[in-house]
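S.K.: Those protein sequences? They're chains D and P, same order as listed. Residue numbers for the first sequence follow my numbering, beginning at 4 and rising by one. Residue numbers for the second sequence follow my numbering, beginning at 462 and rising by one.
Just so you know, not all the hints are guaranteed correct.
Within a straight-line C-alpha distance of at most 25 Å, the following computed DSS-like cross-link-like pairs (lysine-lysine) qualify [unchecked claim]:
no.: 1; chain 1: D; residue 1: Lys-121; chain 2: D; residue 2: Lys-92
no.: 2; chain 1: D; residue 1: Lys-98; chain 2: D; residue 2: Lys-418
no.: 3; chain 1: P; residue 1: Lys-670; chain 2: P; residue 2: Lys-659
no.: 4; chain 1: D; residue 1: Lys-56; chain 2: P; residue 2: Lys-581
no.: 5; chain 1: P; residue 1: Lys-581; chain 2: P; residue 2: Lys-467
no.: 6; chain 1: D; residue 1: Lys-170; chain 2: D; residue 2: Lys-98
no.: 7; chain 1: D; residue 1: Lys-409; chain 2: P; residue 2: Lys-682
no.: 8; chain 1: P; residue 1: Lys-679; chain 2: P; residue 2: Lys-471
no.: 9; chain 1: P; residue 1: Lys-679; chain 2: P; residue 2: Lys-726
no.: 10; chain 1: D; residue 1: Lys-249; chain 2: P; residue 2: Lys-595
no.: 11; chain 1: D; residue 1: Lys-170; chain 2: P; residue 2: Lys-679
no.: 12; chain 1: P; residue 1: Lys-893; chain 2: P; residue 2: Lys-682
no.: 13; chain 1: D; residue 1: Lys-409; chain 2: D; residue 2: Lys-355
no.: 14; chain 1: P; residue 1: Lys-670; chain 2: P; residue 2: Lys-893
no.: 15; chain 1: D; residue 1: Lys-170; chain 2: D; residue 2: Lys-121
no.: 16; chain 1: P; residue 1: Lys-581; chain 2: D; residue 2: Lys-121
no.: 17; chain 1: D; residue 1: Lys-170; chain 2: P; residue 2: Lys-726
no.: 18; chain 1: D; residue 1: Lys-249; chain 2: P; residue 2: Lys-670
no.: 19; chain 1: D; residue 1: Lys-170; chain 2: P; residue 2: Lys-682
no.: 20; chain 1: P; residue 1: Lys-581; chain 2: D; residue 2: Lys-409
no.: 21; chain 1: D; residue 1: Lys-9; chain 2: D; residue 2: Lys-121
no.: 22; chain 1: D; residue 1: Lys-98; chain 2: D; residue 2: Lys-15
no.: 23; chain 1: P; residue 1: Lys-720; chain 2: P; residue 2: Lys-659
no.: 24; chain 1: P; residue 1: Lys-679; chain 2: P; residue 2: Lys-581
no.: 25; chain 1: P; residue 1: Lys-581; chain 2: P; residue 2: Lys-759
no.: 26; chain 1: P; residue 1: Lys-581; chain 2: P; residue 2: Lys-531
no.: 27; chain 1: P; residue 1: Lys-720; chain 2: P; residue 2: Lys-880
Where chain D lies over chain P, by a calculated footprint (3+ residues, C-beta under 8 Å) [as the list claims (entries may be wrong)]:
no.: 28; segment: 665-674
no.: 29; segment: 701-715
Derived by calculation from the structure, the hints in this document are not laboratory data. All of these numbers come straight from a predicted model, not from anything done at the bench. Don't be surprised by glycine CBs; every beta carbon is placed ideally from N, CA and C.
One-letter residues, chain by chain:
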Amino acid sequence: MGILEKAAAKAKEAELYEEYREGITVSFKGGELEKVKSEAVLGRALRVIVDGKLGFASTAGEEEDPLVEAAVASARHGDPAPFSFPELKGKGEVKVLDPEVQELSPDDLLAWGEEAAKAITEEFPGIIVDVFLSRGESCVRVANTTGGVREERRSYFGMYVEAQHVKEGDIWLLWVGKTVRRREDLSPEMLVSQVIRYLRWGERVVPSPAGRPPVLFTPRGAVVLYLPLLVGFSGLSVYMGTSPLKGRLGEEAFDRRLTIVDDGTLPFGPRSGSFDDEGVPTGRLPLVEGGVIQHFYYDLRSAALAGAEPTGNGMKGGFFGGGFRTPPSPGPRNILVSPGEGTLEELIAEMKEGIIVEGVLGLGQGNIQSGAFSNNVGTGFVVKGGKVIGRLKNTMIAGNAYEVLKDHLVAIGAKAEWCHGIYRSPALLVEGVSVVSR
Amino acid sequence: MRAFLKGVLKRAAGEYAEVRWEEVTRSRVVFQRDQLMALESSREAGGIVRVLADGAWGIAVFTDPEEIPKRLEEAASLARAAAGHVRNRIRLAPVEPVEDSVTVSVEEDFREVPLEEKRKLAQRYNELILGYSKEIVSSSVRYTDSMRRVVLANTEGTYIEQEIPDVTLHLAAVARRNGDIQQAFESLGEAAGYEFVKDREEEALAAAKRAVELLSAKPVKGGRYTVVLDQELAGVFIHEAFGHICEADFLLRNEPMRKLMQLGKRFGVEALNVVEDGYIPGRRGNTPYDDEGVRRRKIYLIRGGILTGLMHSRATAAATGMEPTGNARAVSWEHEPIVRMRNTYIEPGEATFEELLKGIDHGIYAKGAFGGQTEFEQFTFSAAYAYEIVGGEIGGMLRDVVLTGNVFETLRNIELLGKDFELKGGAGGCGKDGQSPLPVTFGAPHVRIRDVIVGGK
């Protein structure tokens, strides 16, 4: 008898989540190989509804009976389940598995890592280079007592390059990285050339303009503005009253040029899947269209509480994933920000004088629910006369993401890029950000 | 397990091999406003093997204990594949093999406490927060406990069994007035029993009260200030801004950084002493033996303002001719040990709180920490709340206080150390190289620092 059958014998409803992850990681430090690691991890989570009350338990590597007992014991002291487990329908129609990724050998990863370090140190001999590469596959299976099962194999392939410029009184850490599902979506050479471009821009440290100069957030830097939104558009934050977007569906809360879609069906999107971690089919959900708030995203619980439909956003671990150990909560799939016009060079020319923000320290610290941000710029550049003249140091930016994206958006760039494994955005040129420097 | 592991390791390839197998009992109760978001008491187990072959590491993680022999072979073949790419062969500093069993006795073992009781406790704190004021719109109360039973065996004959307890309580309140949302929290964690989280009503109410007060607090004006940090924030500062760059794995293949971190170099005022300690009764960072089987040591990172020590694993110690310090820690069986902090603190000085404030015309008294991050010399951390200092006196409440700077300059700019030392283990933990949250504690007295940059509008 399987776990689900054992659970069904004790509970009116039950749901079993299983995740088997198999993969390889290689790490280089200081341009030299540090370790090669393989993983084969089976994690499980069981939810049950007993006498109308919800119970949860999770395990790795344990026997099956204790998992069932733990979930049932949890339900005994649990609260009424606001939802039922849904009928699991559909087939794996979203493309998330690339056999080419699985064929990548440790030697392939080792060669890319070595080449990356070599290419960077050839032009910049003093730079310390760390590289991490990983590839693998996770097989996710959701089954519940409606009789349905959803199962899907999803590949992943990631590379992260960190370049460290270390001089007394001037240390600078620059990194770029990408996680994709398809081999062809990640070009190690492209990541390396991005690092080299930034290193060239940053050879010289120059004073940063202060006050409220225009700020160009590169696609990766724009996370400063998106992070509060990821929290604000969560159906749970809205229901809890902690989202400033509560009660504002249909309102023009953002600049009219701004359109943001959460799309779980995008072929090979880094967070795409045919179903979410509760087995609900994913979809394409407009969050903001032409500046107007369209939808919030929901898992089963928040949808039931808010009287909304689940949107296929039940993610174990919420925003950044937490594996099998955490119960599902609403999290974004792939956040897609519609591009506008203008290459990065054109935006830089347009801003004339200002700063470029590529990476910050202290992301997510502070009052992100309110939209407030206040960050040390880790990687940023100074623009003068429409050209990058050097790198900035000891500079903080502060502002409010909701205010900036409503009233201070100057331009949206043409080229959208995948960042942080969660969104695809173009560069954003904005005003209304306070810049403090020394 | 003992005979099995010893037998398996006898057949292991390479210069060195180790197996770590962990069995974890853990519970978790999470309330968010009126919702019980998690209620769980579960068990899990998993393991990791490391093989050093031809001077390179191969590592394998697994959940099926029957796979241990197979995973040792796999790790050895990964190590050999890696060896061709290694210029400087990895060596391990010698340590005496240890056979030991470390059990803990806590006052009230949380494994014996029914889940129902844990739920009731969390619920009571949650209700206190929600009932504090009409302006409290949401709350988050999180209780966690875990007992890790860790077995470590290696080819040198070490066999250690350790029990590692951890219990945390996070009490957070969210207040809202018109469009403005503010949050405040109290965060507690110890290597203790259930007794540690009982009778925390005061902390729950303190979080609620502060969230409401923050609604009326003035946003800080950005600029440079003389800042007095409370014990918690000064502790976060020393951990984040300084501790991480004293982790030798980070220095090993980074020659310019190693030059900056030369032992014997002056880093701060004469009165500054910074300690890294593997054991202080009851503390979350406690690591009697690290995850390489090295027995704990107490080390001074800074003594009399001078850099006197770094944190080491066996590999970093061998590469630099130092001794291992017992700082090789893994957050769980899914990860290999890397150099981490344990209990890190600034020793107290002699100033009273009044003396710290004296002579500050316009400064900031920053308290508590939302979090912190560093990139080498650059650090940034957010105070949970703060007050103005005007004419040497504490003034009105401030919010959105984010401090930033260069750690070397900031250490030199420490002016005074208080005598009111406190050690703190929050409910969170430390993150590094994807391993998070690792239980640590940090501590300090009140610390006064000049010329700190504060971000703000």
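S.K.: Are the hints correct? Go through all of them and say.
M.R.: For each hint, the structure was consulted:
1. Lys-121/D <-> Lys-92/D: The hint is violated at about 50 Å.
2. Lys-98/D <-> Lys-418/D: Between Lys-98/D and Lys-418/D the Cα gap is close to 23 Å, so the pair holds against 25 Å.
3. Lys-670/P <-> Lys-659/P: holds (20 Å)
4. Lys-56/D <-> Lys-581/P: Cα-Cα ~16 Å, so holds.
5. Lys-581/P <-> Lys-467/P: With Cα atoms ~45 Å apart, Lys-581/P and Lys-467/P exceed 25 Å; violated.
6. Lys-170/D <-> Lys-98/D: violated (46 Å)
7. Lys-409/D <-> Lys-682/P: holds (23 Å)
8. Lys-679/P <-> Lys-471/P: violated (66 Å)
9. Lys-679/P <-> Lys-726/P: violated (41 Å)
10. Lys-249/D <-> Lys-595/P: OK: Lys-249/D and Lys-595/P at ~18 Å, within 25 Å.
11. Lys-170/D <-> Lys-679/P: violated (39 Å)
12. Lys-893/P <-> Lys-682/P: Violated. Lys-893/P to Lys-682/P sits at ~32 Å, over the 25 Å cutoff.
13. Lys-409/D <-> Lys-355/D: holds (22 Å)
14. Lys-670/P <-> Lys-893/P: violated (33 Å)
15. Lys-170/D <-> Lys-121/D: holds (20 Å)
16. Lys-581/P <-> Lys-121/D: Distance ~58 Å between Lys-581/P and Lys-121/D Cα, so the pair is violated.
17. Lys-170/D <-> Lys-726/P: holds (16 Å)
18. Lys-249/D <-> Lys-670/P: holds (24 Å)
19. Lys-170/D <-> Lys-682/P: Violated - the C-alpha atoms of Lys-682/P and Lys-170/D are around 32 Å apart, more than 25 Å.
20. Lys-581/P <-> Lys-409/D: Judged against 25 Å, a Cα distance of about 44 Å means the pair is violated.
21. Lys-9/D <-> Lys-121/D: violated (56 Å)
22. Lys-98/D <-> Lys-15/D: Judged against 25 Å, a Cα distance of about 34 Å means the pair is violated.
23. Lys-720/P <-> Lys-659/P: Outside the cut-off at roughly 48 Å; violated.
24. Lys-679/P <-> Lys-581/P: Distance of about 37 Å is beyond 25 Å: violated.
25. Lys-581/P <-> Lys-759/P: violated (39 Å)
26. Lys-581/P <-> Lys-531/P: violated (45 Å)
27. Lys-720/P <-> Lys-880/P: violated (33 Å)
28. 665-674: violated (count 0)
29. 701-715: That given contact holds, which follows from 4 residues of the segment 701-715 of chain P lying within Cβ reach (below 8 Å) of chain D.
Checked against the numbered hints given earlier, this structure breaks hints 1, 5, 6, 8, 9, 11, 12, 14, 16, 19, 20, 21, 22, 23, 24, 25, 26, 27 and 28; the rest are met.
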